[in-house]
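Student: If you read the protein sequences in the order shown, they are chains U and A. The numbers in this note's numbering rise by one with no breaks, and the one at position 191 of the first sequence is 1461. The numbers in this note's numbering rise by one with no breaks, and the one at position 103 of the second sequence is 1373.
FYI, nobody ran anything at the bench for these hints, they're computed from the structure. Since this is a predicted model, take the numbers as computed values, not measurements. The reader is advised that the hints may include incorrect statements.
With a Cα cut of at most 25 angstroms, we get these calculated BS3-like pairs of lysine-lysine [claimed, not checked]:
#1 1337(U) <-> 1337(A)
#2 1447(A) <-> 1326(U)
#3 1507(U) <-> 1507(A)
#4 1464(U) <-> 1464(A)
#5 1447(A) <-> 1423(A)
#6 1464(U) <-> 1447(A)
Number of protein chains: 2
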Amino acid sequence: MNKRPLILITNDDGVYAKGINEITKSLRDLGDIIVFAPDGARSGMSSAITSLIPIKYKLIKEEPGLKVYSCTGTPVDCVKLAINEILDRQPSLLVSGINHGGNHAICVQYSGTMGAAAEGCIFGIPSIGISSLDHQPDADFTECCRLGHSLAKWVIQNGLPTGTYLNLNVPIIPQVKGLKLCRQAAGRWTNEFKRSENATGEVVFWLTGAFVNAEPIHPENDTLALDNGYATLVPCKIDVTDYDFLTQLQNEEGFNL
Amino acid sequence: MNKRPLILITNDDGVYAKGINEITKSLRDLGDIIVFAPDGARSGMSSAITSLIPIKYKLIKEEPGLKVYSCTGTPVDCVKLAINEILDRQPSLLVSGINHGGNHAICVQYSGTMGAAAEGCIFGIPSIGISSLDHQPDADFTECCRLGHSLAKWVIQNGLPTGTYLNLNVPIIPQVKGLKLCRQAAGRWTNEFKRSENATGEVVFWLTGAFVNAEPIHPENDTLALDNGYATLVPCKIDVTDYDFLTQLQNEEGFNL
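Throw the hints in and build the complete structure from the sequences for me.
Tutor: Next comes the structure, spelled out in structure tokens:
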């Protein structure tokens, strides 16, 4: 029986993106690797699943210690299908990324990268998402791989609490100042659409916009730390229950529908 | 200036679904209503956003106190586009639903209904998702509308904490036993794919599966309460930071990447 750790890798930029290939190379020494990723770009897919049409996959590369599959589904579909159909044992780690573009603050809500990491967590796999703030197809992932490798090694050795996954973001500078443990910055996107016209003259809307950090000076928020040249690590929970407000409602006399 | 509360309604089953039309009729007495919903089914879209293609919308119905728009985007796109392009004032309430199908337990992760409710919350709108456990197109939404109306009225009067939105689920029985304040049940889906063949003989996979409640006897979990004939209300948070594990990592000497 194979005793090497098994590592499942996926992303939302597609199996041919530079980010997923760089992190795959970087993690080879830590275990056997299965890459199971979308066949093209699936940015902004969050935890979307495909239920109205069927999905399929194919093996596109195989060598000792590495198999690479491409899949027609979303990032979450990829995690589900790999676990249900491909893996012969429980992975010691799931890595989603390296994403071309940041997934700090509220981006965790929309990100296919983080959707896939959450899905691994739901299946009990210690899971991390890794994102570079650099959107470029040929981004330099040196610092991402260095930090990603250290984090992957730590998670394989120590595991993660049930229901918790990790969100690593790396700024665009040649050498990050260090890693800050952070919480998700509050804020939202503004001016989100660019009005345009299609070929027949209809008004159409392209998603765009700018993120506004709602608490720009709070020392623990991830967006501020990234702005200051640090990589950030935010532990995230699957359970979104607001326990404080639950207790408050339970004690509220007026709340009786 | 119009002093009636403004209510934004959306869903993930599409603007022509029975559920959204029933709740729209039910809430007319509480304020002016803008319905801005996908032009067809967008189930399982989570908080997905459309970035690779443009989206568009059109007004399909208008009468005093009600405007109905259909949109080519996801549920979250609908909320964003309505806020950015249509609304002339901040809504007092966003309602997403009534969904044809339950969104309890881990379904909140994948649900387009709950993605839209979360999006309203991000914009500072008191937001609720409403789901019936009945998937049928002609489901009976009487109990959903009764509870949804009471909840909507309460939320318009009392508001919700910043960053918190509500998840209401209603079981398939003629008269629910009552409303239970709950937390999101832990668990996951199993046996998720049905293997099939497409027209050319390729193996394809259809998403299916069964939910397994990981803590079936915990009295506060929403899935158990629904099984027992209660409607459930789970307050949910936008911020997914795991503060307990964050503190633990900050105090861990060995964690130094």
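Student: Could you run down the list of hints and mark each one as holding or not?
Tutor: Status of the hints after comparison with the structure:
1. 1337(U) <-> 1337(A): violated (53 angstroms)
2. 1447(A) <-> 1326(U): violated (43 angstroms)
3. 1507(U) <-> 1507(A): holds (11 angstroms)
4. 1464(U) <-> 1464(A): violated (41 angstroms)
5. 1447(A) <-> 1423(A): holds (20 angstroms)
6. 1464(U) <-> 1447(A): Not satisfied, since the Cα-Cα distance of roughly 48 angstroms exceeds 25 angstroms.
Going down the numbered hints, you'll see the structure goes against 1, 2, 4, 6, while the others check out.
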